[in-house]
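Student: Chain A is fixed; fit chains B and C onto it per the hints.
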Amino acid sequence: MRHLLDFQGWSRKEVEDLFETARLMQEVLARPVKKVPALQGFTVATVFFEPSTRTRISFELAARRMSADVVSFSAASSSLEKGESYKDTLLTLEAMGVDAYVIRADAAGVPHQATRWVRGAVINGGDGRRAHPTQALLDAFTLLEALGSLEGRKIAIVGDILHSRVARSNAELLPLLGAEVWCAGPPTLLPERLPNVRLTPDLEEALKEADAVMALRLQKERMAAGLLPSLPEYVALYQITEERLRKAKPHAVLLHPGPMNRDVEVEGTLADSERSLVNRQVQNGVAVRMAVLYHLLVGRKA
Amino acid sequence: MRHLLDFQGWSRKEVEDLFETARLMQEVLARPVKKVPALQGFTVATVFFEPSTRTRISFELAARRMSADVVSFSAASSSLEKGESYKDTLLTLEAMGVDAYVIRADAAGVPHQATRWVRGAVINGGDGRRAHPTQALLDAFTLLEALGSLEGRKIAIVGDILHSRVARSNAELLPLLGAEVWCAGPPTLLPERLPNVRLTPDLEEALKEADAVMALRLQKERMAAGLLPSLPEYVALYQITEERLRKAKPHAVLLHPGPMNRDVEVEGTLADSERSLVNRQVQNGVAVRMAVLYHLLVGRKA
Amino acid sequence: MRHLLDFQGWSRKEVEDLFETARLMQEVLARPVKKVPALQGFTVATVFFEPSTRTRISFELAARRMSADVVSFSAASSSLEKGESYKDTLLTLEAMGVDAYVIRADAAGVPHQATRWVRGAVINGGDGRRAHPTQALLDAFTLLEALGSLEGRKIAIVGDILHSRVARSNAELLPLLGAEVWCAGPPTLLPERLPNVRLTPDLEEALKEADAVMALRLQKERMAAGLLPSLPEYVALYQITEERLRKAKPHAVLLHPGPMNRDVEVEGTLADSERSLVNRQVQNGVAVRMAVLYHLLVGRKA
Numbered sequence: 001m002r003h004l005l006d007f008q009g010w011s012r013k014e015v016e017d018l019f020e021t022a023r024l025m026q027e028v029l030a031r032p033v034k035k036v037p038a039l040q041g042f043t044v045a046t047v048f049f050e051p052s053t054r055t056r057i058s059f060e061l062a063a064r065r066m067s068a069d070v071v072s073f074s075a076a077s078s079s080l081e082k083g084e085s086y087k088d089t090l091l092t093l094e095a096m097g098v099d100a101y102v103i104r105a106d107a108a109g110v111p112h113q114a115t116r117w118v119r120g121a122v123i124n125g126g127d128g129r130r131a132h133p134t135q136a137l138l139d140a141f142t143l144l145e146a147l148g149s150l151e152g153r154k155i156a157i158v159g160d161i162l163h164s165r166v167a168r169s170n171a172e173l174l175p176l177l178g179a180e181v182w183c184a185g186p187p188t189l190l191p192e193r194l195p196n197v198r199l200t201p202d203l204e205e206a207l208k209e210a211d212a213v214m215a216l217r218l219q220k221e222r223m224a225a226g227l228l229p230s231l232p233e234y235v236a237l238y239q240i241t242e243e244r245l246r247k248a249k250p251h252a253v254l255l256h257p258g259p260m261n262r263d264v265e266v267e268g269t270l271a272d273s274e275r276s277l278v279n280r281q282v283q284n285g286v287a288v289r290m291a292v293l294y295h296l297l298v299g300r301k302a
Numbered sequence: 001m002r003h004l005l006d007f008q009g010w011s012r013k014e015v016e017d018l019f020e021t022a023r024l025m026q027e028v029l030a031r032p033v034k035k036v037p038a039l040q041g042f043t044v045a046t047v048f049f050e051p052s053t054r055t056r057i058s059f060e061l062a063a064r065r066m067s068a069d070v071v072s073f074s075a076a077s078s079s080l081e082k083g084e085s086y087k088d089t090l091l092t093l094e095a096m097g098v099d100a101y102v103i104r105a106d107a108a109g110v111p112h113q114a115t116r117w118v119r120g121a122v123i124n125g126g127d128g129r130r131a132h133p134t135q136a137l138l139d140a141f142t143l144l145e146a147l148g149s150l151e152g153r154k155i156a157i158v159g160d161i162l163h164s165r166v167a168r169s170n171a172e173l174l175p176l177l178g179a180e181v182w183c184a185g186p187p188t189l190l191p192e193r194l195p196n197v198r199l200t201p202d203l204e205e206a207l208k209e210a211d212a213v214m215a216l217r218l219q220k221e222r223m224a225a226g227l228l229p230s231l232p233e234y235v236a237l238y239q240i241t242e243e244r245l246r247k248a249k250p251h252a253v254l255l256h257p258g259p260m261n262r263d264v265e266v267e268g269t270l271a272d273s274e275r276s277l278v279n280r281q282v283q284n285g286v287a288v289r290m291a292v293l294y295h296l297l298v299g300r301k302a
Numbered sequence: 001m002r003h004l005l006d007f008q009g010w011s012r013k014e015v016e017d018l019f020e021t022a023r024l025m026q027e028v029l030a031r032p033v034k035k036v037p038a039l040q041g042f043t044v045a046t047v048f049f050e051p052s053t054r055t056r057i058s059f060e061l062a063a064r065r066m067s068a069d070v071v072s073f074s075a076a077s078s079s080l081e082k083g084e085s086y087k088d089t090l091l092t093l094e095a096m097g098v099d100a101y102v103i104r105a106d107a108a109g110v111p112h113q114a115t116r117w118v119r120g121a122v123i124n125g126g127d128g129r130r131a132h133p134t135q136a137l138l139d140a141f142t143l144l145e146a147l148g149s150l151e152g153r154k155i156a157i158v159g160d161i162l163h164s165r166v167a168r169s170n171a172e173l174l175p176l177l178g179a180e181v182w183c184a185g186p187p188t189l190l191p192e193r194l195p196n197v198r199l200t201p202d203l204e205e206a207l208k209e210a211d212a213v214m215a216l217r218l219q220k221e222r223m224a225a226g227l228l229p230s231l232p233e234y235v236a237l238y239q240i241t242e243e244r245l246r247k248a249k250p251h252a253v254l255l256h257p258g259p260m261n262r263d264v265e266v267e268g269t270l271a272d273s274e275r276s277l278v279n280r281q282v283q284n285g286v287a288v289r290m291a292v293l294y295h296l297l298v299g300r301k302a
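Residue numbers (UniProt numbering), protein chains in the order written: chain A, 1 to 302; chain B, 1 to 302; chain C, 1 to 302.
Looking at chain A on its own, in the form it has when it is part of the complex (with noise of 0.2 angstroms):
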């Protein structure tokens, strides 16, 4: 692969290899000094046309602990001209020596755009609503270490599908594995189609005997926007709770993106409980970022 933009041309071998790496770097992340000169003399920029601290940090994380040296940019996007000035600032970063780049816009594309303007490695750190591939690589991988293999399991994606890049990337990469995916929510959430899922309203159809359950993040700005139409409504009829998990296969496990409105998209205990998975992807996600930087910067060069 020469850049990370979604899972489109994606074969599952390749997705098994990806993640082969990631569990050679859990070992790194496990020593006592948990770093290894493997990108010494590279360089990774995180360009930031959109704030998220916890994806920035994780990817600098993964980054450093291969040595690599890493540069931020960020900036409001509407602080920028669109469309030559996010070209004029790549640009800028590639004549600099920058080997990679970890994009995040608002607007959906520009990750795609960037892969027409700079030689270097371009990985989609989240698009508009179109995509963010590492988070539902770091959701497989999670998924996978959990349930041992994702070949006909039912995992179900609940909440704002419609606005939801997170949903949109695990709806690509799940099926690939093997996986049957459901999305529920309010139905001024659910987009009219998206290829290889189910989508439903009914969240109790969803999550019968499904193996997973991924919880998303609710943008509380939607109900201003008149999608929802109140919160107590949204946690009445879609918050994931102890209960409503008992549809569920026994063994069903509980992902969210992050940041968590507790007790709005989960039910407070659940998300304390043994099923809920929330912190093994965080720290999963450096993992596999860490083999997603590998394999664009030393494997493209082999």
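A portion of the hints provided could be inaccurate.
The list makes no distinction among identical chains, and a pair is therefore deemed to hold if it is satisfied within one copy or across any two copies.
[Said to hold, decoys possible] Cut-off 20 angstroms, straight-line C-alpha distance, at most; resulting in silico cross-link-like pairs (SDA-like, lysine to any residue):
1) Lys249 x Asp211
2) Lys34 x Leu190
3) Lys87 x Glu274
4) Lys35 x Val298
5) Lys87 x Met260
6) Lys208 x Pro187
7) Lys35 x His163
8) Lys87 x Ala271
9) Lys35 x Arg64
10) Lys87 x Ser273
11) Lys87 x Asp263
12) Lys87 x Ala75
13) Lys220 x Ala95
14) Lys208 x Arg222
15) Lys87 x Gly258
16) Lys35 x Thr241
17) Lys220 x Asn261
18) Lys87 x Ser276
19) Lys34 x Val118
20) Lys34 x Ser67
21) Lys249 x Ser149
22) Lys87 x Gly268
23) Lys13 x Ser273
24) Lys34 x Arg64
25) Lys34 x Glu94
Calculated directly from the structure, the hints in this document are not laboratory data.
Values in this document were obtained by computation on a predicted structure and should not be read as measured data.
Tutor: Chains B and C alone, transformed into the frame defined by chain A:
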């Protein structure tokens, strides 16, 4: 020690051990290549819910001089929902592999709570009015350099005692080392009581025969709040001047935690004189923070 | 040299020595592992009282490629009380062990003052309208690469000369290397005089037989201030177009300090053509800044 929150339960021996390490760190900092691999592979996070460039950079340099990786998280407290979100932020950093957290918060008690959430070492980088222990450590360390011993020494702390975490931490630490602490300030800016400390609105009484004077930074918002009549009145009654310092011992030295409002808390000529240890405090701050990180990260493993 | 403030008192020999080091740094940057231990144990602070991501990242990368530690201090000038607080900030950084300061300020003269306050090396990263010497150095270095020698070369600088520190620094440096500098722009944006330079409102006169053209960035706030009638009028009279560039020598090259307002200062197709050295300028910026840091930090010790 597992954490550095305040000086509850500390022994004089523990402080002296820490200062012995800080003296070794001073030697490292005096070398041509002022860097050691002591914390290679460790990750230190500065988690600032209240801005402070000086303290953040001091900790960053302390960590880097020992070859640790550093990540910075900063957020206006206002943008966080209190309580649960502090926890969420810290659990996320822990899952990413952070080993020590330097936490600055405008709400007292956040670092204490943090020790219940994370397994890593927590360093209080200043919480509300409560405590700022690394500041008190660097103050005490600097006083020891200047005075040899604190046994029986009289130290006057002057200014807004009521709102000062620096005063509170010094009031805990300095008596532990044998010093007699006096706190002087306008009656409206004195707490009703402070353990181990003599409180007085009479500056002259506090300065009399003192071995050292520590002027505190005056927050100008106190006047808006009606706690101070006017800046000229404060200056007239509580500014530390060369004239007033004649009440103190001939060798008496001046400290200030910075940044100083020149010609408010301290007469400008005095601030620039040889009696002022203000820059030495900043310099010792790096060595003392190196020692704290070293004891917490390497010491707790042993 | 002990500091880099401007080119007062510089000899041609000193510039040529610096460029020889910059050429060695280019070789480092062309290696697979673009990193040398030259500044291990040194600390470089970027102290930006005016924001500039590009210049800050360029210096950061220059320092890191030589294994220095970097700390970043940034503050809106407005939040600083002028004068004493610049000093306080720098003395604090010095006490923390900083060896070199890259200072950017909207007030002219701050870097000069800084040399009276700190013992470390001061690099002017741009101060008001006064000077931006590393930009001029990278411009001259890039021109030398393209033209072989600047002896007798005609260089046209075009745009808002009055407010431009880039123009001022180039007007000092380029004649030192034998070039003849012309500055052209709207009469309201020309200074009354500029030493060593020919000033003209007539673009054609400046471009005629020129070996290189440097277009300056147009600050759109100039129009609000009534100094420019309208953008279309500026474009009509002063935009560098392929057509207009025919007045210059056939080999004439185009420079721009960036970020460019496309189709304002320069015609878009020309900006993307082979004659444009804009990306090469950015690339050389890192090598030139590495040379500056090396000469100041290692050279001054020798």
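Student: Hint by hint, say whether it matches the structure.
Tutor: Hint by hint, here is what the structure shows:
In this assembly of identical chains, Lys249 and Asp211 lie within 20 angstroms of each other by CA distance solely inside one copy; the values are 6 angstroms within and 72 angstroms between copies. Proximity of Lys34 to Leu190 under the C-alpha cut-off of 20 angstroms is found in neither arrangement, the shortest distances being 42 angstroms within a copy and 49 angstroms between copies. In this assembly of identical chains, the alpha carbons of Lys87 and Glu274 lie at most 20 angstroms apart only when taken from different copies (18 angstroms versus 45 angstroms within one copy). Taking CA atoms no more than 20 angstroms apart as the test, Lys35 paired with Val298 passes in both settings, with 17 angstroms inside one copy and 17 angstroms between copies.
In the homo-oligomer, the alpha carbons of Lys87 and Met260 lie at most 20 angstroms apart only across protomers (11 angstroms), although the nearest pairing inside one protomer, at 34 angstroms, exceeds that limit. For the homomeric pair Lys208 and Pro187, the shortest alpha-carbon distance inside one copy (19 angstroms) is at most 20 angstroms, but the shortest distance between copies (68 angstroms) is not. In this assembly of identical chains, Lys35 and His163 lie within 20 angstroms of each other by CA distance neither inside one copy nor across copies; the values are 37 angstroms within and 43 angstroms between. In the homo-oligomer, the alpha carbons of Lys87 and Ala271 lie at most 20 angstroms apart only across protomers (13 angstroms), although the nearest pairing inside one protomer, at 41 angstroms, exceeds that limit.
Proximity of Lys35 and Arg64 under a CA criterion of 20 angstroms is satisfied in both settings, with 8 angstroms inside one chain copy and 15 angstroms between copies. In this assembly of identical chains, the alpha carbons of Lys87 and Ser273 lie at most 20 angstroms apart only when taken from different copies (16 angstroms versus 45 angstroms within one copy). With identical chains, the CA atoms of Lys87 and Asp263 are at most 20 angstroms apart between copies only, with a shortest distance of 15 angstroms across copies and 42 angstroms within one. For the identical chains of this complex, Lys87 and Ala75 are intra-copy neighbours only, at 13 angstroms inside a copy versus 27 angstroms across copies, given an alpha-carbon limit of 20 angstroms.
With identical chains, the CA atoms of Lys220 and Ala95 are never at most 20 angstroms apart, being 40 angstroms at best within one copy and 26 angstroms at best between copies. Taking identical chains as interchangeable, the C-alpha atoms of Lys208 and Arg222 are never at most 20 angstroms apart, the minima being 27 angstroms within one chain and 60 angstroms between chains. In this assembly of identical chains, Lys87 and Gly258 lie within 20 angstroms of each other by CA distance solely across copies; the values are 12 angstroms between and 30 angstroms within a copy. Proximity of Lys35 and Thr241 under a CA criterion of 20 angstroms is satisfied in neither setting, with 39 angstroms inside one chain copy and 52 angstroms between copies.
In this homomeric assembly, Lys220 and Asn261 come within 20 angstroms of each other (Cα to Cα) only inside a single copy, at 10 angstroms, whereas the closest approach across copies is 37 angstroms. In this assembly of identical chains, the alpha carbons of Lys87 and Ser276 lie at most 20 angstroms apart only when taken from different copies (16 angstroms versus 41 angstroms within one copy). For a Cα distance limit of 20 angstroms, the shortest separation of Lys34 from Val118 across copies, 19 angstroms, qualifies, whereas the shortest one inside one copy, 31 angstroms, does not. Taking the shortest Cα distances, Lys34 and Ser67 sit within 20 angstroms of each other both inside one copy (11 angstroms) and across copies (13 angstroms).
Only within a single protomer do Lys249 and Ser149 lie at most 20 angstroms apart by alpha-carbon distance; the minimum there is 15 angstroms, versus 68 angstroms between protomers. For a Cα distance limit of 20 angstroms, the shortest separation of Lys87 from Gly268 across copies, 13 angstroms, qualifies, whereas the shortest one inside one copy, 43 angstroms, does not. For the identical chains of this complex, Lys13 and Ser273 are neighbours neither inside a copy (33 angstroms) nor across copies (42 angstroms), given an alpha-carbon limit of 20 angstroms. When the C-alpha separation of Lys34 and Arg64 is checked against a cutoff of 20 angstroms, the pair qualifies both within a copy, at 10 angstroms, and between copies, at 16 angstroms.
For the homomeric pair Lys34 and Glu94, the shortest alpha-carbon distance between copies (14 angstroms) is at most 20 angstroms, but the shortest distance inside one copy (29 angstroms) is not.
Against the hints set out earlier in the document, violations occur for numbers 2, 7, 13, 14, 16 and 23.
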